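The listed protein sequences derive, respectively, from chains A and B. Heads up, the first sequence is in this note's numbering, so the first residue is 1 and it goes up one at a time. Heads up, the second sequence is in this note's numbering, so the first residue is 349 and it goes up one at a time.
Quick caveat, the hints were computed from the structure, so don't treat them as lab data. The model shown is predicted, which means the values in this text are computed figures rather than measured ones. Treat the hints loosely; a few may be bogus.
[Claimed, not checked] List of simulated lysine-lysine pairs, DSSO-like, C-alpha gap at most 27 Å:
1. A:K238 with B:K437
2. A:K295 with B:K403
3. B:K504 with A:K238
4. B:K504 with A:K126
5. A:K288 with A:K184
6. B:K437 with B:K527
7. B:K438 with B:K583
Each chain, letter by letter, is given below.
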Amino acid sequence: MPRGHKSKLRAREKRRQAREGPEHLVAAQAADPEEEKNPSSPSPHFEDAPQSSPATGTPRNPQVPERVCSTSTTAAAASNTAVNEGANDQEEKKRNGSKAGNTTEEWDKGPIHKKVTILVYYLLHKYQMKEPITKTDMLRNVIQSYKNHFHEILRKASEHLELVFGLDLKEVDPNRNTYVLVNKLQPSWDASVNDTGGVPKTGLLMIVLGVIFTKGNRATEEEVWQVLNMIGLHDGVKNIFCGDPKKLITKDWVNEKYLEYRQVPNSDPPRYEFLWGPRAYAETSKMKVLELVAKIHSTIPSAFPYWYEEALKDEEERAKARVLAKAGAAAAASARARDMASSFSCPK
Amino acid sequence: MEEGRAERRRRTEAPRCTQGGARRAGVMTDVHRRFLQLLMTHGVLEEQAVRHLQKHCYNVHDCTAAVEDLEDFINNINSVLESLYIEIKKGATEDDGRPVYALVNLATTSVSKMSSDFAENELDLFRKALDLIIDSETGFASSTNILNLVDQLKGKKMRKKEAEQVLQKFVQDKWLIEKEGEFTLHSRAILEMEQYIRETYPDAVKICNICHSLLIQGQSCETCGIRMHLPCVAKYFRSSPEPRCPHCNDYWPHEIPEVFNPDKEQEAGTSKLNKKPLRSRQH
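Sequences are here, hints too, so could you generate the full structure?
This is how it looks when you write it as structure tokens:
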């Protein structure tokens with residue numbers, strides 16, 4: 001493009017936006033997805049749907065900003081004091097300090113604010129999908145024509161996410177402008193929403209491992225259910241935090257190698273038992289599990305001398321294994337070095 | 349900026365728990381944040397589960413304050429969510445009137461909540477199913493009829509086998525409910541998309557004569573054609589020995605269902621959770 005042409009286009013675009021206001025905002029959003037060259041690409045298209053539904057001929061989108069505006073004005077009227085008291089208070093003060101009053105209004109209720117809300121949904125969605133977010137994605141799917149306001153829109157969105165949802169936006173790769181949302185709230189054993197996602201491996205799993213350990217490293221299915229029933233989990237009853245507990249302990253955790261679930265040898269009718277799986281051995285230890293058992297009983301591990309001794313032995317063995325592994329690695333390294341040295345000193 | 353943020357956060361947290369009864373609308377604490385996060389993950393939750401969730405959030409944060417009344421708790425959160433055009437909306441299941449809650453996006457009127465989870469052709473399949481559901485008399489669309497539209501889908505070509513699986517995904521994600529090979533909208537979809545549906549199908553959409561909300565399943569008067577949700581019928585005709593249409597006063601010909609009683613639920617124990625609600629198609 002000839003020099004200067006791009007800036008002319010940008011200026012024209014800006015003038016057009018200023019003239020048309022919120023209607024244009026929605027139209028632009030509507031237009032953009034259609035201009036996208038690959039409709040089958042996996043990246044989400046916000047507000048794509050209304051465009052493709054031919055049911056009603058008249059454009060429905062212009063109705064959206066009206067409704068939204070009326071909602072926001074009544075909402076603003078009703079909750080003005082309330083909202084100002086809370087989250088937005090400091091923001092207002094900050095902005096008022098550095099800019100003129102009317103800019104604050106523009107940011108709060110205008111098209112920028114709409115972009116902020118859409119970005120909030122977008123980030124929340126990416127968080128639930130456990131996908132990282134790139135600046136490119138945000139610009140293409142959400143920010144679009146408001147590119148120049150990217151940083152401000154992102155800042156406001158991340159403030160909302162922090163204050164309202166307790167999620168922190170962190171830049172993980174400044175070179176590639178990649179971000180993730182991190183849960184600020186302390187993880188609790190129920191947390192279905194946490195950084196690593198999925199069912200928490202702490203808490204419930206540790207309890208099951210504890211049962212197995214304290215029953216002599218194998219626990220019958222009845223013994224495990226006895227304990228689960230005590231904490232409110234029952235066979236066949238979906239729990240809102242763990243889903244189906246039976247599936248969790250007999251399938252999911254078995255597949256993930258945390259548990260082993262097998263028939264008690266020579267049992268007729270067949271009965272089943274649980275053992276620790278290899279991954280449990282790798283990721284935790286008898287001592288850690290005993291610590292949890294002790295905590296539950298409001299005491300310390302040494303209050304259970306038999307198990308404590310077993311846990312200590314386990315710790316010793318692990319320490320030995322670590323030393324051996326290190327020694328082994330060192331030996332292998334020095335062997336390699338010797339080989340290399342000999343190959344240098346004996347030219348072929 | 350970091351300091352400013354931390355300060356602000358501490359201030360909004362304040363000694364929320366000690367203020368117990370005094371309600372200052374618009375203040376979020378970690379109790380509310382955790383609640384929001386968990387509700388968001390589940391998509392939609394029944395009232396009983398929501399109460400457990402609320403109590404749980406108080407416990408996790410060692411909050412010794414009395415658990416706030418659920419309605420106030422939710423209104424509190426909603427007043428903060430307002431500026432983001434999100435809301436915790438309360439609705440009811442259409443078949444047996446169980447109260448449910450979902451975190452709903454008010455600003456966009458589309459299938460936007462779904463649009464990021466599904467591919468273009470999958471979304472179009474949903475829209476086709478929605479067309480059939482809205483047009484139907486019973487609020488149900490048969491699997492066969494939906495699958496027959498597979499050739500008309502936008503985006504990548506989809507085979508019927510694939511489409512069957514996509515429909516199952518919709519059921520899993522609580523957008524559709526399946527009963528005996530037919531599909532209708534899950535209460536989650538109704539809560540999320542009521543606005544979108546009203547705008548997309550202004551002529552075909554059905555409204556309940558009692559609560560004036562969107563109606564997918566319900567009963568209708570054979571004389572004048574007005575419709576009512578099953579739970580609305582249950583409440584309206586609760587103690588009437590002779591139920592009559594509120595509009596034309598003609599005798600109401602359908603079986604009057606029972607009003608949903610959460611206390612009965614608790615007595616019956618947790619077995620009810622696995623019981624499939626009775627199917628009623630009375631038109």
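Each hint tested on the structure:
1. A:K238 with B:K437: Holds - the C-alpha atoms of K437 of chain B and K238 of chain A are around 24 Å apart, at most 27 Å.
2. A:K295 with B:K403: holds, 23 Å
3. B:K504 with A:K238: violated, 36 Å
4. B:K504 with A:K126: With Cα atoms ~24 Å apart, K504 of chain B and K126 of chain A stay inside 27 Å; holds.
5. A:K288 with A:K184: holds, 25 Å
6. B:K437 with B:K527: With Cα atoms ~25 Å apart, K437 of chain B and K527 of chain B stay inside 27 Å; holds.
7. B:K438 with B:K583: holds, 17 Å
This entry does not satisfy hint 3, going by the numbered hints stated previously; all others are met.
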